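Protein chains: 2
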Amino acid sequence: MFPATRVAELLGTRYPIVQAPMAGGFTTPELVAAVSNAGGLGSIGAALLAPEELRDAIAVVRGLTDKPFGVNLFAPLPRAEVDAEAVAALSAVLAPLRAELGLPEPEGAPSPPPSIVTDQVAVAAEERVPVFSFTFGIPPFETVKEAGAVILGTATTAAEAAELEEQGVDAVVVQGSEAGGHRGTFLSSFDQSLVGGIALVPQVVDRVAVPVLLAGGIMDGRGIAAALALGAEGVQLGTAFLGCPESGTPELHRRALAGSSDDATAVTAVFSGRPARAIRGSFVDVIEESGVHPLPFPLQGMATMDIRNAAAADGRMDLLFMLAGQGAGMVRSLPAGELVETLVHETMETIREMSR
Amino acid sequence: MFPATRVAELLGTRYPIVQAPMAGGFTTPELVAAVSNAGGLGSIGAALLAPEELRDAIAVVRGLTDKPFGVNLFAPLPRAEVDAEAVAALSAVLAPLRAELGLPEPEGAPSPPPSIVTDQVAVAAEERVPVFSFTFGIPPFETVKEAGAVILGTATTAAEAAELEEQGVDAVVVQGSEAGGHRGTFLSSFDQSLVGGIALVPQVVDRVAVPVLLAGGIMDGRGIAAALALGAEGVQLGTAFLGCPESGTPELHRRALAGSSDDATAVTAVFSGRPARAIRGSFVDVIEESGVHPLPFPLQGMATMDIRNAAAADGRMDLLFMLAGQGAGMVRSLPAGELVETLVHETMETIREMSR
Numbered sequence: 001m002f003p004a005t006r007v008a009e010l011l012g013t014r015y016p017i018v019q020a021p022m023a024g025g026f027t028t029p030e031l032v033a034a035v036s037n038a039g040g041l042g043s044i045g046a047a048l049l050a051p052e053e054l055r056d057a058i059a060v061v062r063g064l065t066d067k068p069f070g071v072n073l074f075a076p077l078p079r080a081e082v083d084a085e086a087v088a089a090l091s092a093v094l095a096p097l098r099a100e101l102g103l104p105e106p107e108g109a110p111s112p113p114p115s116i117v118t119d120q121v122a123v124a125a126e127e128r129v130p131v132f133s134f135t136f137g138i139p140p141f142e143t144v145k146e147a148g149a150v151i152l153g154t155a156t157t158a159a160e161a162a163e164l165e166e167q168g169v170d171a172v173v174v175q176g177s178e179a180g181g182h183r184g185t186f187l188s189s190f191d192q193s194l195v196g197g198i199a200l201v202p203q204v205v206d207r208v209a210v211p212v213l214l215a216g217g218i219m220d221g222r223g224i225a226a227a228l229a230l231g232a233e234g235v236q237l238g239t240a241f242l243g244c245p246e247s248g249t250p251e252l253h254r255r256a257l258a259g260s261s262d263d264a265t266a267v268t269a270v271f272s273g274r275p276a277r278a279i280r281g282s283f284v285d286v287i288e289e290s291g292v293h294p295l296p297f298p299l300q301g302m303a304t305m306d307i308r309n310a311a312a313a314d315g316r317m318d319l320l321f322m323l324a325g326q327g328a329g330m331v332r333s334l335p336a337g338e339l340v341e342t343l344v345h346e347t348m349e350t351i352r353e354m355s356r
Numbered sequence: 001m002f003p004a005t006r007v008a009e010l011l012g013t014r015y016p017i018v019q020a021p022m023a024g025g026f027t028t029p030e031l032v033a034a035v036s037n038a039g040g041l042g043s044i045g046a047a048l049l050a051p052e053e054l055r056d057a058i059a060v061v062r063g064l065t066d067k068p069f070g071v072n073l074f075a076p077l078p079r080a081e082v083d084a085e086a087v088a089a090l091s092a093v094l095a096p097l098r099a100e101l102g103l104p105e106p107e108g109a110p111s112p113p114p115s116i117v118t119d120q121v122a123v124a125a126e127e128r129v130p131v132f133s134f135t136f137g138i139p140p141f142e143t144v145k146e147a148g149a150v151i152l153g154t155a156t157t158a159a160e161a162a163e164l165e166e167q168g169v170d171a172v173v174v175q176g177s178e179a180g181g182h183r184g185t186f187l188s189s190f191d192q193s194l195v196g197g198i199a200l201v202p203q204v205v206d207r208v209a210v211p212v213l214l215a216g217g218i219m220d221g222r223g224i225a226a227a228l229a230l231g232a233e234g235v236q237l238g239t240a241f242l243g244c245p246e247s248g249t250p251e252l253h254r255r256a257l258a259g260s261s262d263d264a265t266a267v268t269a270v271f272s273g274r275p276a277r278a279i280r281g282s283f284v285d286v287i288e289e290s291g292v293h294p295l296p297f298p299l300q301g302m303a304t305m306d307i308r309n310a311a312a313a314d315g316r317m318d319l320l321f322m323l324a325g326q327g328a329g330m331v332r333s334l335p336a337g338e339l340v341e342t343l344v345h346e347t348m349e350t351i352r353e354m355s356r
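Sequences listed follow chains A and B, in order. Taken in order, the first sequence gives residues 1 to 356; the numbers are from the numbering used here. Taken in order, the second sequence gives residues 1 to 356; the numbers are from the numbering used here.
Simulated from the structure, these hints should not be mistaken for lab results. One or more hints might be untrue.
Ranges between beta-carbon positions, derived for each pair [unchecked claim]:
id	chain 1	residue 1	chain 2	residue 2	range
1	B	Ala258	A	Ala59	52 to 58 Å
2	B	Ser111	A	Val82	48 to 54 Å
3	A	Ser115	B	Ser111	58 to 64 Å
4	B	Ala258	A	Pro78	35 to 41 Å
5	B	Asp206	A	Leu77	35 to 41 Å
6	A	Gly102	B	Ser111	52 to 58 Å
7	B	Ala4	A	Pro250	44 to 50 Å
8	B	Ala258	A	Gly291	36 to 42 Å
9	A	Met1	B	Arg79	58 to 64 Å
10	A	Pro250	B	Ser91	50 to 56 Å
11	B	Leu103	A	Leu252	54 to 60 Å
12	B	Ala92	A	Gly291	17 to 23 Å
Which residues of chain B face chain A? A partial, calculated answer using Cβ under 8 Å [as the list claims (entries may be wrong)]:
id	residue
13	Arg222
14	Gly223
15	Gln326
Far from chain A, some chain B residues (derived; all Cβ distances over 12 Å) [as the list claims (entries may be wrong)]:
id	residue
16	Pro78
17	Pro104
18	Pro298
On a predicted model such as this, the values are computed, not experimentally measured, just so you know. Cβ atoms here follow ideal geometry from the backbone N, Cα and C, with glycine treated the same way.
Please construct the entire structure, taking both the sequences and the accompanying hints into account.
Below you can see the structure in the form of structure tokens.
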């Protein structure tokens, strides 16, 4: 038997295994539904979806599963300020790369897009999504909660977990330093809040009463059993699902994950303006070695998008923004439903081995 | 029953629990012997001991226990180059701090001490120590192995673990990013080899055939059970033993550990010249914000020793070099033997809970 946890009960799933919401086209409705149908919780990484796109995605998922699923958004951030000097400094550093790729120099500065969080949250409430999760801070979630959703917040330290509990979340996803993707940090500094799961989980569960899920570096049943041993009552896996055929992971990204090792990633703000763990390559080196500061999130991503598009077309893996946790080298290419079943089997097997 | 592992069998101990060797006066013979007498493996952090001091320490430990114990040394490093300009730049940054503490400006530059590793290794061989471990690379250990010692090397990545196995170690201690103290990294870059235990252990055990111990962030039975779930067959705890009355931990250091939180530490080279995880304070901030580069190990430590000595006398915790892992906030002040028994009990309890 898989260990009984408050997380599975809360989410209404068979297993306390969440497929991490990854914004940017990875979490297709097919992936989300396959995970939920297998007894986990599929999650739509909806932060970059326009409100009507989110409504459509929810409808497609509902057409593929009658099981619970989640929708994840970014908390609103202060509007990024455009600094013309910083934009020019960045362009100067990237000029040789643009010349190499045959790209023209960018004209003008990127302009911060208007925030759509309020409208996205309204869709989540109207659609009565079963689970609503968020990262980068705390968006106003009262309407979604009143509409019946289970609320999950993201923390990177025990203090952040305590703040989420205070604000009324039903459970906390703690993001260990191993995790791929953007850091959810909102109270501590990005540097100091890179805490490994082994040290993080016990300190969080000793601090809060709500159940805790661990995200970061978990790729198989060994990681899930470890999370449960530490006191987590659930897990969230992102990188592990990037290899599934149902995910929207581009082919070059899949290849990079499969070929990576434990020291292949870095936490860097060079791609988007906000620290994120991704596979290290020459784009990271060029900007970090130049000493230029990345533009604030999301301007850095907008200002460098042309380079990534050209790199993708040219097969230049070293220039792409490929999110990956420190466990990336263990990625598998199983269909999502089969992956969930395998994770469950491995977890029970690991626990059985330990208790022999 | 505590799970049977190859590590306990190899070490000749009742439990696969190693008290980490911490150089600098922490691992008193009383601490080492208490851990070994309780069924763990006590270890002498001998890197800073002169050969005859090491011989004496071994004799005292042997007078207190007839159980196996370990001796740990640093691998020889390339001789540090003294750069007069770098020394002057550092002195300029530290001048206000020295004025504040009433210290004179240092005269001249620190001179790299002659290496004593060869003589230390000779003592370990002559004394036929039961277990010999090392970090920072691979010292010549043939004579110690021939004298009957079990050999443990330290790795921070799967590639380093594979190299240690290739060179003939009996087991590998993998140091997760959570670990307090100096990083053992010797092949990868210090930045990229900060891998959390959850991601690190499975990738190492999938790569090497020798048994693996996890170090980093483990403070209680939850962490030990997690390490075993991940595939480790033993654990090494440092910070957890700093709170024991038998350890040589200074009072200010004990207080700082007890008052710390998951985001209280940083990996920094400002204290010794080599990256180490320690409690963050204003000494770290002053040097990091100045942009000055620390001198190479061990010159940085020699060049700043006067400040730490004065800070200790003045109770200035913010200036001290206080090694600590990310689990420091969970430190306990139990006697070492009682701590080992508690860890064993908690581990078995955690496994029992999981398998219910």
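These are the hints, each one checked on the structure:
Remark: the range hint 52 to 58 Å for Ala258 (chain B) to Ala59 (chain A) is upheld by a beta-carbon distance near 54 Å. At about 52 Å, the CB distance of Ser111 (chain B) to Val82 (chain A) agrees with the hint of 48 to 54 Å. Taking 58 to 64 Å as the suggested C-beta distance range, the pair Ser115 (chain A) and Ser111 (chain B) conforms, at roughly 59 Å. The beta-carbon spacing between Ala258 (chain B) and Pro78 (chain A), approximately 36 Å, falls within the hinted interval of 35 to 41 Å.
Distance hint for Asp206 (chain B) and Leu77 (chain A): a CB-CB separation of about 39 Å, consistent with the stated range 35 to 41 Å. The given range of 52 to 58 Å is respected by Gly102 (chain A) and Ser111 (chain B), whose C-beta atoms sit roughly 55 Å from each other. Here the CB-CB span from Ala4 (chain B) to Pro250 (chain A) is close to 46 Å, well matched to the stated 44 to 50 Å. Restraint check, Ala258 (chain B) to Gly291 (chain A): a C-beta distance of roughly 39 Å satisfies the suggested window 36 to 42 Å.
In this structure the hint that Met1 (chain A) and Arg79 (chain B) lie 58 to 64 Å apart at CB holds, the actual value being about 60 Å. Separation of Pro250 (chain A) from Ser91 (chain B) is about 52 Å and conforms to the stated range, judged on CB atoms against 50 to 56 Å. The hint said 54 to 60 Å for the Cβ distance between Leu103 (chain B) and Leu252 (chain A), and at roughly 56 Å that hint holds. Taking 17 to 23 Å as the suggested C-beta distance range, the pair Ala92 (chain B) and Gly291 (chain A) conforms, at roughly 21 Å.
For Arg222 (chain B), the shortest C-beta to C-beta distance to chain A is roughly 5 Å, which falls under 8 Å, so the interface hint holds. The restraint placing Gly223 (chain B) at the interface with chain A holds, with a minimum CB-CB distance near 6 Å, inside the 8 Å limit. Interface hint at Gln326 (chain B): satisfied, since its Cβ lies 4 Å from the closest Cβ of chain A, which is below the 8 Å cut-off. The Cβ of Pro78 (chain B) sits about 22 Å from the closest Cβ of chain A, beyond the 12 Å cut-off, so the non-interface label holds.
Chain A leaves Pro104 (chain B) outside its interface by the beta-carbon criterion, the shortest separation being 34 Å against a cut-off of 12 Å. Listed as outside the interface, Pro298 (chain B) is consistent with that label: its C-beta sits roughly 25 Å from the nearest C-beta of chain A, beyond the 12 Å cut-off.
The structure meets every hint from the earlier list without exception.
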